[in-house]
Amino acid sequence: MRIINTNWYGWIPTNRGKINFDFISPHSSSKSKKTRIEESRNKKIYKNLDFSYLSDNNKFVTKYLKYLSKKPKNIIELFLKADVEFELKSAKIIEGQVKIYFEDSGIDYSLKSKFFIHLNGVINFNNINIENIEENHIYENIDIIKAIFYIVIKSIVHGDAHHHQKIDIALPVIDNDFDPKIVSNSMLDYIKLVEKNIKDEKFNKCEWDLNIKHGLYSLKGYLSYLKSFTLLFDEKEIKKDYEFGCSVVSSLENIVSRKESRINYINGIRISLISFIGLFISLNILLNGFWYKKYNDIVQIFTYFSRIDFMWISLIILMFIFYPYYKCKLHNILFRKLYDFFEPIFILKNIKLEDLNFIGKILKIVFIAFLILMVIVGTYLLFDFVIF
Amino acid sequence: MEGFIGALLILIGLFGLSLLWRFKKHSFFEEEANRYLNKFCEVDENWSSRGRVYTKGLAILKEKGKDGETKIKFVKQAKLCDIGLLD
Chain A
1 MRIINTNWYG
11 WIPTNRGKIN
21 FDFISPHSSS
31 KSKKTRIEES
41 RNKKIYKNLD
51 FSYLSDNNKF
61 VTKYLKYLSK
71 KPKNIIELFL
81 KADVEFELKS
91 AKIIEGQVKI
101 YFEDSGIDYS
111 LKSKFFIHLN
121 GVINFNNINI
131 ENIEENHIYE
141 NIDIIKAIFY
151 IVIKSIVHGD
161 AHHHQKIDIA
171 LPVIDNDFDP
181 KIVSNSMLDY
191 IKLVEKNIKD
201 EKFNKCEWDL
211 NIKHGLYSLK
221 GYLSYLKSFT
231 LLFDEKEIKK
241 DYEFGCSVVS
251 SLENIVSRKE
261 SRINYINGIR
271 ISLISFIGLF
281 ISLNILLNGF
291 WYKKYNDIVQ
301 IFTYFSRIDF
311 MWISLIILMF
321 IFYPYYKCKL
331 HNILFRKLYD
341 FFEPIFILKN
351 IKLEDLNFIG
361 KILKIVFIAF
371 LILMVIVGTY
381 LLFDFVIF
Chain B
389 MEGFIGALLI
399 LIGLFGLSLL
409 WRFKKHSFFE
419 EEANRYLNKF
429 CEVDENWSSR
439 GRVYTKGLAI
449 LKEKGKDGET
459 KIKFVKQAKL
469 CDIGLLD
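Chains as they are written, first to last, in my numbering: chain A, 1 to 388; chain B, 389 to 475.
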């Protein structure tokens with residue numbers, strides 16, 4: 001075992017302003033069948049936690065899309081696991097140690113570190129013990145390794161707010177000494193980044209409606225943590241960062257509200273128009289006395305079969321009218337609720353054919369050809385029905 | 389009935405195509421998709437998110453040489469996510 005002498009800090013978000021030992025618990029995404037948990041009043045031990053999601057190759061991409069990729073077959077990815085211990089040492093300090101490791105045919109490649117969590121959320125890591133890993137790998141990636149240690153502890157103490165969080169770029173790790181200004185500045189940069197991304201988008205695209213609103217709400221969440229941070233570390237520069245954050249979020253809120261009011265206005269016209277036409281037709285049928293066959297033009301003019309045909313025609317017209325609306329809703333749901341499926345779809349949509357292997361090329365072409373064929377066959381059936 | 393099936397096929401086909409077929413080329417997304425699928429999301433120091441939201445990661449790769457010897461490689465990763473994927 002070798003030791004790398006290093007010291008780094010981070011901040012674990014707490015909106016209460018105080019870390020509660022009782023709330024420490026791994027997120028369900030880190031638990032597996034092999035996970036072992038021992039919890040008492042002052043001590044918590046978690047073994048075999050699954051942190052495979054700290055790799056940006058999500059499981060779906062790694063497991064299934066690998067059959068379509070040009071990755072060399074002799075390279076495989078090893079995923080991270082962690083063992084963590086927490087001990088409530090005094091009223092102000094939680095001590096602990098964390099071991100992150102990746103198993104491969106019985107060899108245990110591991111990195112260990114000790115940490116101290118102050119109840120205001122400041123976490124301090126001391127040294128890295130390495131086993132079975134060459135030191136140059138560690139030195140080359142020291143920044144990301146420190147971030148991984150921090151994220152593992154942060155996700156257990158604070159919980160994962162982000163549904164597909166890897167290493168959060170909003171909260172930094174700081175070498176040598178804790179400087180609260182770096183944390184507030186980094187959170188402010190992140191708030192501005194999200195705001196810019198939302199503002200850059202074409203607001204008339206309804207496919208992202210839910211995501212834009214979700215982005216705004218998540219920024220409000222970040223802002224509330226920045227406020228707690230401001231209260232914990234009472235410094236002029238940090239207060240300034242919080243005020244800037246408020247102004248960024250309120251500017252975004254303004255734009256999102258403007259978009260929403262425009263959409264509501266257009267939707268109001270649509271709904272009133274649809275209601276008007278619907279009521280006009282139904283009232284006419286009602287007032288014409290559709291129950292008396294001899295007085296009812298519709299019943300007299302159309303035969304039983306033509307009435308069925310017109311029912312289908314009206315259904316088809318409504319399907320086309322409502323298609324853009326449901327397409328947007330489906331797209332929003334797919335992105336927000338089924339993100340693990342959205343990512344592979346994003347890859348397949350954007351990847352060039354030459355970047356796929358033979359099976360990938362064939363599959364993409366077959367998929368698209370199949371969809372085009374669906375549209376052609378559908379058009380043929382529709383015309384056949386309308387004309388004859 | 390066949391008219392209804394026809395309309396259904398058209399709409400499902402159009403929705404599927406909107407998900408899987410990019411009508412307008414996006415060269416940055418093309419590069420990113422290639423990086424995700426073929427290069428373990430690896431980034432070098434020059435990689436830029438072009439002002440989009442992203443996450444960082446670390447991949448540990450095991451490479452088996454022709455002589456049977458295995459090497460471990462650490463790969464720094466980055467990936468656009470969430471709002472950063474909006475287009």
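Hints should not be assumed to be uniformly reliable.
Result set (DSS-like, lysine-lysine): computed pairs, CA atoms no more than 25 Å apart in a straight line [what the hints assert, rightly or not]: (1) K352/A to K412/B; (2) K63/A to K464/B; (3) K412/B to K205/A; (4) K352/A to K459/B; (5) K99/A to K205/A; (6) K63/A to K427/B; (7) K70/A to K413/B; (8) K413/B to K199/A; (9) K364/A to K454/B; (10) K66/A to K461/B; (11) K412/B to K329/A; (12) K454/B to K114/A; (13) K71/A to K452/B; (14) K73/A to K412/B; (15) K427/B to K361/A; (16) K63/A to K412/B; (17) K459/B to K71/A; (18) K73/A to K413/B; (19) K99/A to K461/B; (20) K73/A to K450/B; (21) K454/B to K73/A; (22) K99/A to K464/B; (23) K461/B to K205/A.
Label pairs and their computed distance ranges (CB to CB) [to be verified]: (24) N15/A to G439/B: 24 to 30 Å; (25) G439/B to I263/A: 21 to 27 Å; (26) Y339/A to G439/B: 28 to 34 Å; (27) T458/B to K63/A: 19 to 25 Å; (28) G439/B to V366/A: 35 to 41 Å; (29) M1/A to L408/B: 35 to 41 Å; (30) D384/A to R438/B: 22 to 28 Å; (31) M389/B to V366/A: 24 to 30 Å; (32) R258/A to L408/B: 30 to 36 Å.
Residues of chain B placed beyond 10 Å of chain A at every Cβ, according to the derived structure [said to hold, decoys possible]: (33) N434; (34) W435; (35) S436.
In case anyone wonders, no lab produced these hints; they're calculated from the structure.
Here the structure is a predicted model, which is why all the values come from computation and not from measurement.
By construction, the Cβ of each residue, glycine as well, lies at the ideal position given by its N, Cα and C atoms.
| message | For each hint given before, does the structure comply? Return the numbers of the non-compliant ones in rising order. | response | Hints 4, 5, 9, 12, 14, 16, 18, 23, 26, 29 and 30 are the ones this structure does not satisfy, whereas the remaining hints hold.
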